[in-house]
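Protein chains: 2
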Amino acid sequence: MSTAGFRIDAGWVVTPDDDGGVQVLTGVTVAVRGTRIEYVGPEAGLPEPLRSLERVDARDGIVIPGFVNTHNHAAMTLLRSYADDLPLMRWLQEKIWPAEAHLTGEDVYWGTLAACAEQIRSGITAFADMYFFMDDAARAVDASGMRAQLSRGLVAVTPGADRALREGVELFERWHGHDDDRITVALAPHAPYTCPDDFVREVLAEARRLEAPIHTHLAETLDEIRQLEEQRGLTPIQWAVQVGLVERPVLAAHCVHLTAEDIGLLAEHRIAASHNPISNQKLASGVAPVVQMRQRGALVALGTDGACSTNHLNFFEEMRSAAWLQKVTRMDASALPAPEVFRMATVDGARALGYPDVGRVREGYRADLVVLDASAVHMAPRHDVVSLVVYSAQTADVRDVWIHGRPVLRDRQIVTFDERRAVEECRRRGLRLAERAAAAAGS
Amino acid sequence: MSTAGFRIDAGWVVTPDDDGGVQVLTGVTVAVRGTRIEYVGPEAGLPEPLRSLERVDARDGIVIPGFVNTHNHAAMTLLRSYADDLPLMRWLQEKIWPAEAHLTGEDVYWGTLAACAEQIRSGITAFADMYFFMDDAARAVDASGMRAQLSRGLVAVTPGADRALREGVELFERWHGHDDDRITVALAPHAPYTCPDDFVREVLAEARRLEAPIHTHLAETLDEIRQLEEQRGLTPIQWAVQVGLVERPVLAAHCVHLTAEDIGLLAEHRIAASHNPISNQKLASGVAPVVQMRQRGALVALGTDGACSTNHLNFFEEMRSAAWLQKVTRMDASALPAPEVFRMATVDGARALGYPDVGRVREGYRADLVVLDASAVHMAPRHDVVSLVVYSAQTADVRDVWIHGRPVLRDRQIVTFDERRAVEECRRRGLRLAERAAAAAGS
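So the protein lines, in turn, are chains X and V. 443 is the number that the numbering used here gives the last residue of the first sequence; the numbers go up by one with no jumps. 443 is the number that the numbering used here gives the last residue of the second sequence; the numbers go up by one with no jumps.
Watch out, some of these pointers could steer you wrong.
With a Cα cut of at most 20 angstroms, we get these calculated DMTMM-like pairs of lysine to aspartate or glutamate [claimed, not checked]:
1) X:Lys95 with X:Glu435
2) V:Lys95 with V:Glu435
3) V:Lys95 with X:Asp332
4) X:Lys95 with V:Asp332
Simulated from the structure, these hints should not be mistaken for lab results.
Start from the sequences, fold in the hints, and give me the full structure.
Below, the structure written as structure tokens:
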């Protein structure tokens, strides 16, 4: 048995096709060598050199490309369940920011590792992260085996913006392209309301020099829209164009409140929108015009946002929440059907992160693969496998995960790091953060 | 070791309190004898006769009352993933009704048993079911060990209404009060648009005679509102009052489109509303005014609707979807906070089904209990246990379930019936239904 790769004998393969749809293959073999998929087809056609690879039996399972989570603040797992059901500004000002003030690099390391465990268990194989202590986050991501685009969040309305930008550039220089592009780095001016134009131009100068992409937040709340309108007479999307962000590839989280012109600008300037339906609902931000964006040709991917606002990093719930929310707000049950959501969660997410060879189960693509166990009662009957994956599957159905050709989850056990320790550290450090914030508030 | 009951040593107990909130007890013992909870408190205070009961170790787990699913068409599991992303009327007329025309009693038995498995695994211990071949459904529910209020759905715009009513009455006579009230029966005029007034009065006469409660659908879609307005000049709620339904306890599914007067009528006549947020989203029915209903004192519980429209019977997702949807549509992140949703899912559901002694972890209450394993990464850290249960928990966290004092799920294995066979039958029979419908359509 060769250790140079593996072959999965799959009951079903569900993968984006070339025509904007999703293809379901039955009874095929997927063979992997190195970091890439070398064969997808009937077992009988498997080339001789691939026949001796380690065999994974998924004849009763569904193979899908790993999900791509295009917006996260991974270490915010530490603050999960810390402050729920509060209005956004009270949530940030009274709870989140005071707690974050006590974060250490080690906290971020363990919070990020816990987020990786949770994402892997949800079938997420790649994610975009924006936070601080990002060198520690990068160490955690590297250890986890996940694919990620990392960025140091840059806020310039508080002191330390120059240092933060320096950290962002250093992160790029240290990690961008790491492990054959498994880890990449973006520069991340946080949002129009936290970044004056002069500062954004400094960031852009560095982004041009480094050829770095941009990760930011745009048009999340009505308050942001009002504030930008008053201060600059622009919508957030107009601002992103005018300040020059679009000179680099932009991944913009949220994109909730958009004018028709904004939607045209997203498409024209190829700004990738990261739709975060659960966060947008839970924080009462609003409902993004996903159907209109897609109709106009904009790239819309999916993201969880941090576990502190979404409360879990579960891409199955994220997919169906996206579909449900479009259907009910448009009063159209056919809006955003399962295949479209599945594409948003896979190949469209990969494009948003700048990976042309991720998000499909196809020869030549990176081997970021998930086996779903289809034996549970909630996966019966099997009238439509795409519908089952999008509307019915649960995180516990995720049986195996490979990223970059390497095993990360086997038989529901994480094999790249000590998950139990990550959970314990996340528990302990999360509670300590809350204690420190409470002590500081009382002093 | 006595077999007359058991005691759970719990890390946390989360239960509705007497003041409209939720209580979190830490490190307590819950003791059960027969069908009822006899003790909830510190282990040191456990009365001598209860000390020798079989001990369940849940010191790292969370004990909650079982969820009450107030609206289901259980056997529709057979049609899960059969017809998604279609407009409601095409969905019903082209797909669901033609397939249902081929159902047999045995199909309903196995489809219902599969639904019981799925519900138990989601922490649901009681449910309201409305379908046909209900004697077969009752046999499945009885075998599963679940608590349920069953009803034969009565549609009087097609032939066979009288026979259906006779079946509904026979169901009541055979099953109502079965097993010390574990199974009860309601009469179920399906909806105002499927039941002429004369027929509803016949149903009511039987309901009065039997002292049976009513289960129906009210105000689900705008089409229904328009049709009733044109035909009778009434809203569905006004109709329910005027036709006399409210002489009996009424459980009304959906209650999406309501006037301010309607909401007042719900409260005044104690109509229990079953809010089905996922079904209402997926079928694009609309957003129920849950916050306003609760503010006016109406009883609002939660329901999944059938697995064919919701695609899973997952009460964790149902709870958080309810919260998310109110928050985003009201643009208020504090709307419908976690404790309120938890109450809707437990004690309010029990009231809606007519059980005064279900839905709490409290002495004297029925022992419908769930142990959640709190060890998974998505349950860390533990800043707020109520928030974790509502916003973060997954079905796979459900470790043990007792209903009516009896074990139903132990260590994630269903112990009351052969789940694997139920899944296989559900798969096979579901596909056969689709084949028959296709053959009939082609002939």
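Hint check results:
At roughly 12 angstroms between alpha-carbon atoms, Lys95 (chain X) and Glu435 (chain X) fall within 20 angstroms of each other, so this suggested pair holds. Using a Cα cut-off of 20 angstroms, the hinted pair Lys95 (chain V) and Glu435 (chain V) holds, with the two alpha carbons roughly 12 angstroms apart. Pair hint Lys95 (chain V) plus Asp332 (chain X) holds up; C-alpha atoms about 17 angstroms apart against a cutoff of 20 angstroms. The hinted pair formed by Lys95 (chain X) and Asp332 (chain V) meets the criterion: a straight-line CA distance of about 17 angstroms does not exceed 20 angstroms.
The structure is consistent with each of the numbered hints, conforming to all of them.
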